[in-house]
Amino acid sequence: MSVALEVIDLTKSFLEEDEENERTWYRFWQKRPQRKITAVDSVSFHVKRGEIYGILGPNGSGKSTLIRLISTLLIPDGGTVRVLGKDAFKETAAVRRMINRVSVDAAFFKKLSAMENLGYAARLYGLDLKEARSRAGVIMERMGLPAKKWNSPLENLSRGQQQKVAIARALMTRPQLLLLDEPTTGLDPQSKREVQEYVLEVQREFGTTVILTSHDMDESARLCQQVAFIVDGRFRAEGTPPQLLARYGAKDLEEVFFAATGKSLKSDEEEVAG
Amino acid sequence: MTAFRTQLSATQGFVERNWALTRRYIGWEVVWIVYSAVSTLTIGLIGVDSQGIVGQERVLYLLIGALLWSYLSVLFQIMGETVAWERWEGTIEYTFMAPVHRFTYLMGQGLYGITYSLIRTGIILAITVFFFDLDMSNANLLGGFVVLAVASFSFMGLGLLAAVLPLISTERGAQATHIIQGLLLLMSSVYYPVTVLPGWMQPLARLNPATFCLDAVRATWIGGASLADVMPQLLSLLATGLVLVPLGVQIFQIGERYALRTGKLKRNG
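Chains as they are written, first to last, in our numbering: chain A, 1016 to 1289; chain B, 8 to 276.
Possibly wrong hints are sitting among the right ones.
Unchecked claim - Here are the computed lysine to any residue pairs in the SDA-like style, where the Cα-Cα straight-line distance is at most 20 angstroms:
id	chain 1	residue 1	chain 2	residue 2
1	A	1051	B	23
2	A	1105	B	270
3	A	1207	A	1152
4	A	1145	B	23
5	B	271	A	1145
6	A	1125	B	32
7	B	273	A	1120
8	A	1051	B	269
9	A	1126	B	22
10	B	271	B	260
11	A	1105	B	109
12	A	1125	B	9
13	A	1126	A	1161
14	B	271	A	1052
15	A	1105	B	108
16	A	1105	B	268
To be verified - Per the computed footprint, the stretches of chain B lying under chain A, defined by three or more beta-carbons under 8 angstroms from a beta-carbon of chain A, are:
id	stretch
17	98-107
18	187-194
19	203-217
Claimed, not checked - Sample of chain A residues at the chain B side, in silico, Cβ under 10 angstroms:
id	residue
20	1030
21	1115
22	1274
23	1277
Calculated directly from the structure, the hints in this document are not laboratory data. These numbers come from a predicted model, not from an experiment. Ideal Cβ placement from N, Cα and C applies to all residues, glycine included.
Generate coordinates for the entire structure from the input sequences, incorporating the hints supplied.
In structure tokens form, the structure reads like this:
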């Protein structure tokens, strides 16, 4: 099986304002003291075509930064990302045609309807509007979003419903690499199930390669063929779920995560749910 | 060819999206048109003397200044707030992740901005002509609108330079665009001739495309000048547009790379 995504020694750090050293308001021209935060630290991995690859980690572990780097929304300090052989930072336009992303917050023009937002996205990808809307309609129907909601302003839809539209927006473009950044966080159990089932269906039907970040161990065990644990920007363990269970003599991925990182994801799940 | 079609489709997408947003916020559109019309009328009334006699030329001089300022500020705002709005909605990462060239993105915004601003200016012009019972029979109205359309490219270029500011600094950038807009107002002949400005400011005012634009529109609408008569101003506006639009796109791309390097594209970043 050929490689869809290759990440080699990827590193990204940011400068953050040091909140402890506050600057007085009347010295507004002075720069606040800053400190360096390494969000992704020498990460390397590869994903085979048609595989669902899970990246698990607590809040602030670097999952979203990693997804943004692969999505060409950040320029790294070092390292390489290749999507189906194309360098994401040198052949950006070609890579952008092959990928799409769903983030944890469904970002839309909230006054516009699902169909208007999807129409806009279709135009950006040069799709035929009629065909794109029909594809999106099939996806939304499949995920249980009633047709009567398609023409309502998105601000009138629940978070779960908005997330389904976000998934339709990404899948409508038939990406070869789909980046799902905590797509089911905050969804009710039924919506979560519908989204998970649809991700599996897309993998089966179109052979789409999927990168999935999540807090949810059960979701990862159910969907992913390969899993990696990330803490403080570094991968701590990687393998198939059965391999990881065997390696750490654990009964589930939660135990593996604790054994590999010394941390628990439970508190993060509660924080998100709260 | 496919790549060109994608860019064309994206341009259409930006125009359609903005039109859909205008329709959704129609209440605000009415508010702004009424507000702009009333502001223009109050400025025009300065030209009416204490006996209530309308000084046609004086009133028109002021009205054209107010109308043009309204036109330019709306266009400038649409261009300048392009990024700020997308950041506010959180859609900027999706727009920038799409296979769309920045030139296409900015031109799509500009195309909508010009069309929208021209229609809005036409409505306000009709209201003011009716209110002051102005005799426009001698005016070359079409010529004035052609000048406006040509001037729009220069203002799109300036708008692009302003659009980069919210990209590199979330909050302060949006504030700074208003400073640029204010300086353009000060250093132009919107309500007064350039000669009343302090000496050091006058050369800057003469480089301002708003100054050429106002001179040419006043010549066509007050004096009935033909396009041939205002050719020097038109050529200056074209030349300014040819410099400012590519410069604006280039600087926008530099700003985008800075945002991608520092993580400023993210809404709360």
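Taking the hints in turn, this is what the structure says about them:
1. 1051(A) / 23(B): 42 angstroms, violated
2. 1105(A) / 270(B): The given pair, whose Cα atoms are some 18 angstroms apart, holds under the 20 angstroms limit.
3. 1207(A) / 1152(A): 19 angstroms, holds
4. 1145(A) / 23(B): 15 angstroms, holds
5. 271(B) / 1145(A): Cα-Cα ~35 angstroms, so violated.
6. 1125(A) / 32(B): 12 angstroms, holds
7. 273(B) / 1120(A): 12 angstroms, holds
8. 1051(A) / 269(B): Holds. Residue 1051(A) to residue 269(B) sits at ~11 angstroms (cutoff 20 angstroms).
9. 1126(A) / 22(B): 16 angstroms, holds
10. 271(B) / 260(B): 14 angstroms, holds
11. 1105(A) / 109(B): OK: residue 1105(A) and residue 109(B) at ~16 angstroms, within 20 angstroms.
12. 1125(A) / 9(B): 31 angstroms, violated
13. 1126(A) / 1161(A): 19 angstroms, holds
14. 271(B) / 1052(A): 15 angstroms, holds
15. 1105(A) / 108(B): Holds, at roughly 15 angstroms.
16. 1105(A) / 268(B): 14 angstroms, holds
17. 98-107: Holds, because 9 residues of the stretch 98-107 of chain B bring their Cβ atoms closer than 8 angstroms to Cβ atoms of chain A.
18. 187-194: violated (count 0)
19. 203-217: Check failed, 0 qualifying residues.
20. 1030: With a closest approach of 7 angstroms, the residue 1030(A) hint holds.
21. 1115: 8 angstroms, holds
22. 1274: Where the cut-off is 10 angstroms and the nearest Cβ of chain B is about 32 angstroms from residue 1274(A), the hint is violated.
23. 1277: 28 angstroms, violated
Hints 1, 5, 12, 18, 19, 22 and 23, counting from the list given before, are not met by this structure.
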